[in-house]
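Line by line, the protein sequences are chains A and B. Residue numbering for the first sequence follows the working numbering, beginning at 1 and increasing consecutively. Residue numbering for the second sequence follows the working numbering, beginning at 1 and increasing consecutively.
Hints listed in this document are in silico derivations from the structure and should not be mistaken for laboratory results.
Per the computed footprint, the stretches of chain B lying under chain A, defined by three or more beta-carbons under 8 angstroms from a beta-carbon of chain A, are: (1) 21-28; (2) 41-54; (3) 145-155.
Only part of the chain A face toward chain B is listed, based on derived beta-carbon distances under 7 angstroms: (4) A12; (5) L17; (6) V67.
Glycine residues also receive a C-beta, built at the ideal position from the N, C-alpha and C atoms.
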Amino acid sequence: MVPTHYYLILSAILFGLGVVAFVFKRNIITVFMSIELMLNAVNLAFVAFSQAWNRWDGQVFVLFVIVVAAAEAAVGLGVIILIARNRQSLNVENVNLLKL
Amino acid sequence: MTAPVLIFFVLAALAILGAISLIVQRHPIHSALSLIVVMVALAGLYLLMGAEFVAAVQIIVYGGAIMVLFVFVIMLLNAGVEERTRLSKLATIGGIPLALAFTMVIAAAIARSADTVQAATQTAAVAPTKAVANLLFQDFVYPFELTSFLILVAILGAIVLAQREKERERA
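With the hints as extra help, turn the sequences into a complete structure.
The following block contains the structure:
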């Protein structure tokens, strides 16, 4: 039996790496991928707690998170296609219409 | 060191290396492949925890559907190597401290809760998949139905976003 806090520490590390990727990547598709990485890290924590307390609600929540992530990916990639069409670039620094 | 712990460390190393590779790679398609490695490693960890159904869904939906969508968009947009631009000041000053602070806060919370987590009982009575199915279609049946609306809206949104230019030309 693997101790639960091993899973939680791995989850924290993956989430931190997701944050780093989100801040440092310049390509808008990769930025979007780092969001998926953070969602995955949270899912891992959910399943770890579900196993630790022997309650299955956590796994149901993971299924909902996956559904929401799928919906988000569909809409988000549609937005990315629009940005690429209008700006002719995938660099997030070129998407600055709301910047002062 | 027992076998499950060994498997955990192998899969955890795979996941962390994949995540680091996601950051280091400059071509989006390489980043996408690294992310697939992370997702498969996480599916293995779910199997290790006895969450078979979640592991299967992780492979099918994340590794299959979502990542194929990503690779498809990368190829559709012909995304090249990431431009090496000067990082904005906010990213340099705020980025790494922010990420470190996040990890520290989470680690502190884990350290405080480790005792209570370990104190919890660990006896499996029902097969997990059956228990998850019972919960999903009894207690969580309304949220489950609502997700189908969410997916419908997402499909409509994706179609509208992807088609807008064509309609504008016609108008």
